[in-house]
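Student: For the record, the sequence lines run as chains A and B. The opening residue of the first sequence carries number 1 in our numbering; numbering runs sequentially from there. The opening residue of the second sequence carries number 1 in our numbering; numbering runs sequentially from there.
Just to be clear, a hint being listed does not mean it is correct.
Dumping the calculated SDA-like pairs for lysine to any residue here, alpha-carbon to alpha-carbon at most 25 Å [as the list claims (entries may be wrong)]:
id	chain 1	residue 1	chain 2	residue 2
1	B	K96	A	D390
2	A	K403	B	K160
3	A	K173	A	D149
4	B	K84	B	Q46
Some chain A residues judged to face chain B by a derived CB distance under 7 Å, without partners named [stated by the list, open to error]:
id	residue
5	E379
6	K384
7	E389
8	Y398
The hints are simulated quantities; they were obtained by calculation from the structure and are not laboratory data. Model, not experiment: these values are computed from the prediction. Here a beta-carbon is modelled for each residue, glycine too, at the ideal position from N, C-alpha and C.
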Amino acid sequence: MTNIKNDVLYLKEVFLSGYKSINNVNIEFQKGLNIIIGKNAAGKTNFLKFLSKCLMLDYDELNDFSANLIFENGREISLKASRNIKIEDFLKQTDFSNKVETVLTISGKIIKDNKKEWTSISNKLAENNIIFDTTFLSHGLPNEYYIVDTSFSFKIQRRKVSSELSKIFNDTKTPYFVKCLAIDLISEIFNIETLNNTEIKKSLTSFFKIINPFNEILNKYTPIEEFRFNENYNIFIEEDKESFTLNNLFLEFKIDGNWLPFSNLSDGTKRLFYIISEVFEINEAENKRPSSSTSLYLGNQEIRRIILIEEPELGIHPHQFQKLMEFLKIESEKKQIIITTHSPQALDAIHPDELNRIIIAYLADAHEGTKLRHLNESELIKAKEYVKEDYLSDYWLYSDLEK
Amino acid sequence: MKIGLVGEAPNDTQSIKNLLLKKYTDTSYEFVFMLQRINGSSLDSQKTKRLLRIEFELQKPNIVIFIRDLDSTLPNKLKLDDRKIYFNNSNNIVDKRGIHLLHIYEIEALILADIETFNKIYKTQIKKFEDVMKVKEPKELLKKASKNYNESHNPEIFDKLNFNKVLECIYFEKFIKKMDKLF
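Chain B with its partners taken away, still in its complex shape:
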């Protein structure tokens, strides 16, 4: 099973890969990066779409995970519609083999879902959140809590996260269920 990853930044795709490898440990799962060096601002460009098609045709993944931040909490119809359009367009490029991982507010919400790990690494004392999806700007929250933290650390942090605790984040849990149905 080959799983393609398309993200907003190389750190994001690497972080999600590290996290998914905790659950999908079997060697039959192969995670591959598609357009690894694309950044968020160019995700919607025609050029990115053309290049994505090349990657899809040549790498031949069974499914493709499109990873994006909502950059907002819920509900935000305008932003949700915008991301829906992005996903539908991208899904057409990969012959409807796509699956959307939409972070609310942003990828760092998943770090908040297992805040104990972050606290342990950075010696901080951030309290557990009831619903991480309600936290505005989680990255800024983490930066304020620790001057040592920045987003380039994310792949290493995701490598240390407790997968089951991250599942407490509802959008991520739904994503995993959706993904499991595809296997």
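Chain A extracted, bound-state conformation:
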């Protein structure tokens, strides 16, 4: 596997404590692909959820916790966060967002607030060019999957973003793909000079072409032959010609020669589309992209993506899953991807020289909770022997990788 360049930012190590079964967990990650395996109830999901909250600087639901995320991009960057509000203080106020203590350290030097004012951690990260975006794909599909599963309608006023669009941008649960589509749509529509049907349609036709590069990927890695925007949308222009409403915008998918709405796809195909559309990025994308670390929209090339995926194999045929792992492996050359899995097939995507990409999650005991570790020396030797004879997955399936 070709590694992403050394100077590219990646999550190198984490210390996490204080969320469900996660207490004093410390683990190192590699650039690119990382695979977490572990039995049911080992705490893999808890770990991934906790990690995603910390990466997204979303501390709202956390208390009595501490986190230290260590990144590397030629410099060692440490982002510490903690909050410990006592019961008596909970009764005094309702908003504790400012009670999270955060410390950003770069190459051993603590980054202080600007001289005149308190500086948010997002600003400190932005000022120091620490720009990343985190995508977390949990089980299933997004509850609100606008444009993909639910037709989308919104109003556009000149230079103003409507509430419907604002919801897409501001809701942290909006899928990355949908958010990017909304950005591309706005960028296209705001260029319209005269608001009339012809101009708007022309602009939309241009926007619709944005998804074309996805077709090659979907065709290669899923049963979807191609997808497109449904053309039965409606445009309503206000009398003052200053605003218009676009109704019924949604995608349709071609399977076995038939165009279908997302709701008619099989569960496995839906999940495949969800994963691939969240991970894949058009390299040449000219429009801005979101960065969860800085809350800014920046150029595609400036943002390092960290993608967390929970059990990508769920509902997916083994042949299709093999292709999906191939896709994730290729994409991990440009992004850091951390997955949890119960699928032995996932391990076969790992080269024998890259066994440090495997992480084992296990429950130490009720008090200590979840622990994560890499393969020890004897396990590494055995894993290599298994690969020599057959598959790495055999080691997991038939031997004592997880005792």
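With chain A held as given, fit chain B onto it using these hints.
Tutor: Positioned in the frame of chain A, the structure of chain B alone reads:
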């Protein structure tokens, strides 16, 4: 002394381990599973043989117990020959350190050897057998006697069996004698 166990199913190897631990209590005996998740149908495959060699080379057991059911009562030359071939092939893989534990008819015969323990657990009244090796399909017999029983309970049952009573089963007694000679 490291003792490797290769069985037809994880429950079988765990059951035999639980039973042997009653006799070989000294901490110098270490029982290790080799290919714990293999099932009966894949025991003869080339892949299993290759993986067994890896386990043998890396775990370095002093002896390896190959546990199999005959799936028949005696005499059944065809089946016996078949199991002999399996054992000889497997024994070659582990540099002739193998020892064969062949259940007649199947592993549940050992439960019949100490039927009092089973009767006590499941509140059944199965009578003592003169020769458990003559009982056809002992597992089915136990299932018919108690609806609560199934083979997944075997490791716990074997943990409660009286070792000396199980020795009344001739094939098991012979196996233990053979094993003791190796120590």
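Student: Now look at each hint and say whether the structure bears it out.
Tutor: Here's how the hints hold up against the structure:
no.: 1; hint: B:K96 with A:D390; result: holds (24 Å)
no.: 2; hint: A:K403 with B:K160; result: holds (24 Å)
no.: 3; hint: A:K173 with A:D149; result: holds (15 Å)
no.: 4; hint: B:K84 with B:Q46; result: holds (17 Å)
no.: 5; hint: E379; result: violated (10 Å)
no.: 6; hint: K384; result: violated (10 Å)
no.: 7; hint: E389; result: holds (4 Å)
no.: 8; hint: Y398; result: holds (5 Å)
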